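These protein sequence lines map, in sequence, to chains A and B. 3 is the number of the first residue of the first sequence in this note's numbering; add one for each residue after it. 99 is the number of the first residue of the second sequence in this note's numbering; add one for each residue after it.
For the record, the hints were derived by calculation from the structure and aren't laboratory data. Owing to the predicted nature of the structure, the values given are computational and were not obtained by experimental measurement. There may be inaccurate statements among the hints.
What the hints assert, rightly or not - Listed next, the stretches of chain B that the computed footprint assigns to chain A, with coverage defined by at least 3 CB atoms under 8 Å from CB atoms of chain A: (1) 103-110; (2) 132-141.
What the hints assert, rightly or not - The following label-pair restraints were derived from C-beta to C-beta distances: (3) D292/A / L142/B: 43 to 51 Å; (4) L131/B / E366/A: 43 to 51 Å; (5) D215/A / T120/B: 48 to 56 Å; (6) M172/A / T120/B: 22 to 30 Å; (7) L131/B / L387/A: 46 to 54 Å; (8) P24/A / P106/B: 28 to 36 Å; (9) P119/B / K40/A: 47 to 55 Å; (10) T120/B / V287/A: 36 to 44 Å; (11) R383/A / L142/B: 47 to 55 Å; (12) R150/B / E185/A: 35 to 43 Å.
Think of the CB as a built atom: it goes at the ideal place given N, C-alpha and C, for glycine as much as any other residue.
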Amino acid sequence: MTAPTASDLDIWDDQLLIDPYPAYAKLREQGGVVHLPKNHLYVITRYDAIREVLGDPATFSSTTLGFNPMVNDALQGTSLASDPPTHTQLRATLSENLTPRALRGLKVVIDQKADKLVAELVATGSFEAIDSLARAFPLEIVADLIGFNGHVKGNMLRWGQAAMQVIGPMNQRTQESFPIAGELYGWCSSVTAQDLTPGSIGRGIFDAEARGDIPQGSAGHIIHQYLGAGVDTTIASIGNIVALFGRHPEQLERLRAKPELVPAAFAEVLRYWAPIHIWGRTTTVPVELDGVTIPAGAQLGLLIGAGNRDPRHYENPDTFDITRNPVDHLSFGYGPHGCAGQGLAKLEAHAIIDALARRVQSLELGREVREASNITRSHERLQVLKVVAA
Amino acid sequence: MRIHLDRPRCEGHGLCEEAAPTLMHLDDDGELLIDAPDVDGADLDAAQAAVRVCPVAALRLEAA
Numbered sequence: 003m004t005a006p007t008a009s010d011l012d013i014w015d016d017q018l019l020i021d022p023y024p025a026y027a028k029l030r031e032q033g034g035v036v037h038l039p040k041n042h043l044y045v046i047t048r049y050d051a052i053r054e055v056l057g058d059p060a061t062f063s064s065t066t067l068g069f070n071p072m073v074n075d076a077l078q079g080t081s082l083a084s085d086p087p088t089h090t091q092l093r094a095t096l097s098e099n100l101t102p103r104a105l106r107g108l109k110v111v112i113d114q115k116a117d118k119l120v121a122e123l124v125a126t127g128s129f130e131a132i133d134s135l136a137r138a139f140p141l142e143i144v145a146d147l148i149g150f151n152g153h154v155k156g157n158m159l160r161w162g163q164a165a166m167q168v169i170g171p172m173n174q175r176t177q178e179s180f181p182i183a184g185e186l187y188g189w190c191s192s193v194t195a196q197d198l199t200p201g202s203i204g205r206g207i208f209d210a211e212a213r214g215d216i217p218q219g220s221a222g223h224i225i226h227q228y229l230g231a232g233v234d235t236t237i238a239s240i241g242n243i244v245a246l247f248g249r250h251p252e253q254l255e256r257l258r259a260k261p262e263l264v265p266a267a268f269a270e271v272l273r274y275w276a277p278i279h280i281w282g283r284t285t286t287v288p289v290e291l292d293g294v295t296i297p298a299g300a301q302l303g304l305l306i307g308a309g310n311r312d313p314r315h316y317e318n319p320d321t322f323d324i325t326r327n328p329v330d331h332l333s334f335g336y337g338p339h340g341c342a343g344q345g346l347a348k349l350e351a352h353a354i355i356d357a358l359a360r361r362v363q364s365l366e367l368g369r370e371v372r373e374a375s376n377i378t379r380s381h382e383r384l385q386v387l388k389v390v391a392a
Numbered sequence: 099m100r101i102h103l104d105r106p107r108c109e110g111h112g113l114c115e116e117a118a119p120t121l122m123h124l125d126d127d128g129e130l131l132i133d134a135p136d137v138d139g140a141d142l143d144a145a146q147a148a149v150r151v152c153p154v155a156a157l158r159l160e161a162a
């Protein structure tokens, strides 16, 4: 029985959160499992170990996926924080409207909206990419999907950001975000079918609840998860798309020459810069992982971005290469809790990448501003100083 | 080896079809069909790739 080695890093340190990759490399070389006493946490750093944890819900429970007791309490009864067999039904209810087959009808509309937005931005010659694209686009798509209108639409960004932030440890960011996450929770508990646009997926979920097809009270939970999970992460991804193609003009040229690389390009964006830093699990029994023993009841933090750059799994992992097609990246998680919204995320991101590939010859980036955030890693501002139309 | 599909878990993401197009496909309704469940040789490699890329771990290989 070998115990994991320890590190005195604070995984939620502001500077580390803004640029975590040097720390990830250090931790990953130290071990597949590293104890962080400052965070009362064992972090999992290597690709195979993270996949193993995600694929084994009996040993690695999701009941404490968050890093403070308040959020774990609040998430009880959701598919996110439950284990099989309870999880199975909750997940089916959540994902029914999000599977690729359910979303097929949305592709045309999403492609058109992405193309129109990108065309408008390219025509301006320079733009701030976070507010005008990375935030504007998924907010509109998710609002349409759920059937939001009125004042609720204006709250989506702050609600979505807070819902992710409060999954972190009880630091200042979490404390400041709890009241805002509470507004979202309150609204989701009181929303009714009539509040949502007829014909929307959100309205359909309430209709399903009224018919008794899904358990009473689950419609609000589902809306909550769509908003909590589908906003901040997609915003991060779209910001990363613009930033990475701006930084790597040769990759944009490759994509323009071979537009069939769009899905591979998105997989590589997700691998290279994971939208989610860290995700939690708890050991249900003492377990051997990557050669060391973790005690039962230990809080784990899966370092998604560290696994995605593990040289044991990916060649030249620190190189951004859109021809790599890393379909097994960890950014959507894996296994029974694998991201339920990945079909929608891909529709949105592929539409944006495709529009950029057709309409943009080159992007010149100005300042990239990131702010420390507990769970999601995204840009706050990203100036495109000059965009040359194709 | 035999390809086993956990049907309730399958959400039709379709990555398996890309990895092993001769062994499985999504039908017009987006339901996964295993066309050649018993695999060996080169097919086994493709089947293993399909199992590997399933984002929700709905596929596995079992001794036939």
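Each hint, compared with the structure:
1. 103-110: holds (count 4)
2. 132-141: violated (count 0)
3. D292/A / L142/B: 43 to 51 Å: Given a distance of about 27 Å, which is not inside 43 to 51 Å, the answer is violated.
4. L131/B / E366/A: 43 to 51 Å: With a Cβ separation near 48 Å, L131/B and E366/A satisfy 43 to 51 Å, so the hint holds.
5. D215/A / T120/B: 48 to 56 Å: This hint is violated: roughly 37 Å between Cβ atoms.
6. M172/A / T120/B: 22 to 30 Å: The hint (22 to 30 Å, Cβ to Cβ) is violated, given that M172/A and T120/B are roughly 52 Å apart.
7. L131/B / L387/A: 46 to 54 Å: holds (50 Å)
8. P24/A / P106/B: 28 to 36 Å: At roughly 42 Å between Cβ atoms, P106/B and P24/A fall outside 28 to 36 Å, so the hint is violated.
9. P119/B / K40/A: 47 to 55 Å: holds (49 Å)
10. T120/B / V287/A: 36 to 44 Å: holds (41 Å)
11. R383/A / L142/B: 47 to 55 Å: holds (50 Å)
12. R150/B / E185/A: 35 to 43 Å: holds (41 Å)
Hints 2, 3, 5, 6 and 8 from the earlier list are contradicted by this structure; the remaining hints agree with it.
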